Amino acid sequence: MRVRTLKAVLDRTPWRAEEPIVIVAPMFHAWGFSQLVLAASLACTIITRRKFDAEATLDLVDRHQATGLAVVPVMFDRIMELPPRCVVATAAGRYASPRRRAHGCAPMSSSPS
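The sequence shown begins at 1 in full-length UniProt numbering and counts up one residue at a time.
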């Protein structure tokens, strides 16, 4: 039964082995730390920032061609609230690499505040 439980968890995890992951969720919290441990156990390349900044986070995703991004909902809201110049960069193909995103600790808002 424990193997089935572990398999169920791994089937639902957004990360894939050996892919670059940007983790900006706070590491002192269970969500951020669990994403760090999970990514490390999958031999992912882990990219972090000391302090959250929405545009700098997207720059990290772009620079490292990260396929994953771990945030808390308020961080995702801040990314969605970026000014139009960032939206233009996204439309031009920049920041298009994250195929998987994960959030935790609180429900996502239905629209950015």
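None of these hints come from the bench; they were simulated from the model.
Quantities reported herein were computed from a predicted structural model and do not represent experimental measurements.
C-beta atoms are modelled at their ideal positions from N, C-alpha and C, and glycine is treated no differently.
A few of these clues could be false.
Heads up, simulated SDA-like pairs for lysine to any residue below, C-alpha to C-alpha not over 25 Å straight-line [unchecked claim]:
hint, residue 1, residue 2
1, Lys51, Trp31
2, Lys51, Pro73
3, Lys51, Phe33
Here are the in silico distance ranges between beta carbons for each label pair [claimed, not checked]:
hint, residue 1, residue 2, range
4, Arg12, Ala40, 15 to 21 Å
5, Pro73, Thr13, 17 to 23 Å
6, Ala43, Arg12, 29 to 35 Å
7, Pro83, Arg4, 14 to 20 Å
request  = Quickly compare the C-alpha distance for Lys51 and Pro73 to 25 Å and report which way the hint goes.
outcome  = Status holds; Cα separation ~16 Å.
key: Status of the given 17 to 23 Å range, CB of Thr13 versus CB of Pro73   = Taking Cβ atoms as reference, Pro73 and Thr13 lie about 18 Å apart, which means the hint holds.
ask   = Are the Cα atoms of Lys51 and Phe33 separated by 25 Å or less?
value = holds (15 Å)
request  = Evaluate the given range 29 to 35 Å for the C-beta pair formed by Ala43 and Arg12.
outcome  = violated (19 Å)
ask   = Honestly, do Arg12 and Ala40 meet the 15 to 21 Å range at C-beta?
value = With a Cβ separation near 18 Å, Arg12 and Ala40 satisfy 15 to 21 Å, so the hint holds.
task = Starting from Lys51, check that the Cα of Trp31 is at most 25 Å away, please.
result = holds (16 Å)
Satisfaction of the hinted span 14 to 20 Å by the C-beta atoms belonging to Pro83 and Arg4 = Violated - the Cβ-Cβ distance for Pro83 and Arg4, about 47 Å, lies outside 14 to 20 Å.
Hint compliance for this structure: hints 6 and 7 are broken, all remaining hints hold.
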